[in-house]
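**Q** Chain residues, written in single-letter form:
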Amino acid sequence: MNEILRKSDAWTRREMMSFAAKTFLGVGLVPGVTAAEAFVGSPSRRPTARNVIYLYMSGGMTHLDTFDPKPEAGPEYMGDLKAISTKADGVQISEYFPGLASQMDKVAVIRSLQTTQGAHEQGNYYMHTSYTPRGTIKHPGLGSWILRHEGRTNRTLPGAVCIGGGSRGSGSGWMESKFAPVFLGNPNEGLRNSVRHSETSEREFNDRLALANAFDEEFHGRYDQKKVRAFNDMYADALRLMRSEDLNAFDIGGEPGNIKEMYGANSFGQGCLLARRLVEHDVRFVEVTLGGWDTHNNNFAAVEARAAVLDQALTGLLKDLDQRGMLDETMVVLATEFGRTPKVNQNDGRDHFPKAFCGLIAGGGIKGGQAYGASDEYGMDVAENRVLIPDFNATIAYGLGLPYQNIIHSPSGRPFKVANNGQPIKELFG
Amino acid sequence: MGQDAIRQNKPYNQFVYELVTAEGHWWDNGAVGYYMRDAGMPLDNMSNTIQVFLGTQMVCAQCHNHPFDRWTQKEYYELAAFTYGVETRIRPEEVLNVSDDLDKDSKKREGRQKYDRNVRRALNEILEPLSFGATESQKTLKLPHDYKYDDGKPGEAVDPEAPFAQKLASTRGSERDKYAKWITSDDNPRFTKVIVNRLWKRVMGVGLIEPVDDFKDDTEATNPQLLDYLVRTMQRLGYDQRKFLEILYNTRTYQREAFSGDYEPTDYHFPGPVLQRLTAEQMWDSLLTLTIPDPDAREGQNNNAKRAEQTRERAKELLAMGKQRILALANEVAKHYTAYDEKASAIRAELTKAQAAEDDKKVADLRKQLRQADGERDKAVKELMATGTGEGGSAMMASAMMEEEGMSLFEKRAMERQKEIEAAEAKKRAEEEKKRAAEAKKAGKKVEKPADPDAKWKGYDRNLVRASELPSPAPNNHFVRVFGQSDRDTIENASTEPSVPQVLELMNGQMYNQVTAKNSVLMQRVAAAKEPEQKVTAIFLSMFNRQPNERERELAEEQFYQHGDERGALNLVWALLNSREFAFVQ
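For the record, the sequence lines run as chains A and B. Residues in the first sequence are numbered consecutively from 23, following my numbering. Residues in the second sequence are numbered consecutively from 11, following my numbering.
There could be a bad hint or two in this list.
Claimed, not checked - Label-pair distances were calculated between CB atoms; the ranges are: (1) A:449 - B:147: 57 to 63 Å; (2) B:356 - A:427: 39 to 45 Å; (3) B:575 - A:159: 50 to 56 Å; (4) A:408 - B:164: 18 to 24 Å.
Read the hints as simulated data drawn from the structure, not as lab findings. The C-beta atom is built at its ideal place from N, Cα and C for all residues, glycine as well.
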């Protein structure tokens, strides 16, 4: 039964068409009308985004001190922090983001996010997967969903990359490991170990591989198991990668100094720069993590430091994508697990707050310069147009043209969808 | 401390009891780290405890009755009430007993928010050594304001109560004592089951109950009689894990060859262990054993005891300074914060303008100014703190290092710890050296070098130590993390799933260089063997723990005849390292 289920959803007609387009035409998306829409009448629509750069603010980013300031709420809520006007009419953000203020015409801020999870692990997982954690199954992250639905555009490079750690919900979950993102620590190091030892010639390297295979013959005979085969697959992937010219997508060393500087001389900034390079080489999903948002103590000092890094990197990224004409097809998403208590606590900090928080989406067909939804006057609750986590993720899926209503079955036969039961916010699109 | 407990083979139930009841500053009792990890999240700490030690997931019931299990939100709160009073953070005002002074002070002032905040922030920094640990408070847990069930009202106080319809083992002692006794009791239906199941899984590759941390009322072991037997055995052994493992390792099930099929509970009848990939730590330790002599004896650089000692000293100094001097210092420090805040606000206003005008040069310049102002403030504060507390300054240093991104809190701590210890050790060595030189000079003798206990590891990278001696978790890109070591952010987070980076590490990584260095244990063995035949035997025995068969021997010796002793050996080692047989336990 499982086998039948898997087969039936392995190749939906839409996937077939999309795969065919890639293989035969050598393109991923045909501008104008896609194969999918023309032939199938997919539940989704024409994709406006090809790739995603997903910036994850780990620890729970305060909404009041970032993109949903409440200048009228008083110092008990806002400390001394001011709100500033931006290039988007009527959209104010906190003064910690002087750079982004000039880019808000490209950005939609969503101020009515709400989650059901108040602890980091669960909240982070929920944001990444649209499902709450269960002891019995692990859910895949968005990167894996994209690859599962549409495959890689660049057949050599990994289809999804996580820079700076990723999280438990960034992995391939119940999907096969070939849909898993590659995790990178330091963006400056390129893809570690992707070049053979310098004293080994190519011929010697190939001889060694052949030798290893010869020694393994009996082992393979005895243990024809899934986990052994999965390991073999990784060798095939790794070798293809080593032999590819696209490998230099991982090397930010060649970027000019002023570009590197524009993103900020820190790992998040350089991670965003690397993300741009990877997307340029048709990596479909790149996640970059910025930690340190769990500001239970000394909120303002801590947020100021985080915001400086984020402001420079995100400003740089949006400008760079725009100048290269990539912003139209690259969706830049900023997400976090929950907001933080609007009222400042006795340690001058803010605690976890799932009831109302904010996120950003820019590019990839999103109409910039708008604020969608609102929290109440103190940021204590959603006041209009509530957006649940699955809705937020369905919006990303919708932009990508993923069939967000299609059910895919896990190997154990359980039904899942890319954004659970989320409904996209279609108003965000231009 | 955890390491000591394992070295002493402390009975498991006692180990858990001591962890759950830990109290004191962290530098006095490392076990309080168990509560500090979940600082400010006492409810999560409870559900973690229950998940780790009782294999039971209650986390859903934090916000509502558990949808797939029997736990009610009320039960969750009753259980959390046992440890809700544990405070991991002692606020500066409480350390100094000055909250009244601060309030009085601030009421007199205009713009008190800023004043308050910066003085408080300075106090936080200064008093850091006294601020962390675990203490009991009288805080009571109340039901949440949106509580929606009939068995309680929103905001109602909750009394501690344990589920599993079982009487508490003790009625005397603190609430936490009762809680720890209830968890570790022989009568607790899950405590012993969870640990024997985990150990069985470690040995055989698959638990009798899977997953090992999600037991439910209707969960059945694949072999219930065996599980019962293991539980009785563990209790009979007084929770001696070493003796228990000895039994498992001597079973015929373990001694047989690994099961050749894919594991399915219905097809597996204990013919042998299931095929397991080496864990990240086993992989590392295997390669280490091929590289350095006597790996078990070598200590890591990660020495918590020394750091605890230093913090204890700083804490003492602070206490000796007294309230008035500390407050005065905090006021001085706060002035720097306030001055910076004003300056930064002005620069940022400029920045907004420059950004809008697309003046990239000016933007870059203003960003630089911001960083400079930030650096100057940190430097000034650091100097002040150093004069104020003698040793001092390290709290600021630590917070400056927090700027390093992409690192978990554990990693940051490990890094701070590492740096402090290295500096202290270098200082100590230099002082000792100086002292010896002075003494020798006085006595008119030649300066003698002391015997180095680490001489046998000279020439081997100092980070080549057992996985258990590495900082835990190891830094993000460390070999063991690449191979799936847990980041310790969540429970049961280690993995043996293969990945491209793992394969790249084996083919092109640093560990190959270490294993094939001239001074490695393996290469010395190879060098000592005269003929290719013996060299091949040495490599197979070292890496596969078996003799090569005839076909393999022919292939291997061929390498030596064709490429010479050096390249032949390297090719062979590389090939075995990159074979599946090396990575899996069969």
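**Q** It remains to establish, for every hint, whether it holds in the given structure.
**A** Results of checking the hints against the structure:
Separation of residue 449 of chain A from residue 147 of chain B is about 49 Å and departs from the stated range, judged on CB atoms against 57 to 63 Å. Roughly 52 Å separates the CB atoms of residue 356 of chain B and residue 427 of chain A, a value that falls outside the hinted 39 to 45 Å. The hinted range of 50 to 56 Å is satisfied by residue 575 of chain B and residue 159 of chain A, whose Cβ atoms lie roughly 53 Å apart. Under the hint 18 to 24 Å, the C-beta atoms of residue 408 of chain A and residue 164 of chain B, about 22 Å apart, fit the expected range.
Of the numbered hints listed earlier, those contradicted by the structure are 1 and 2.
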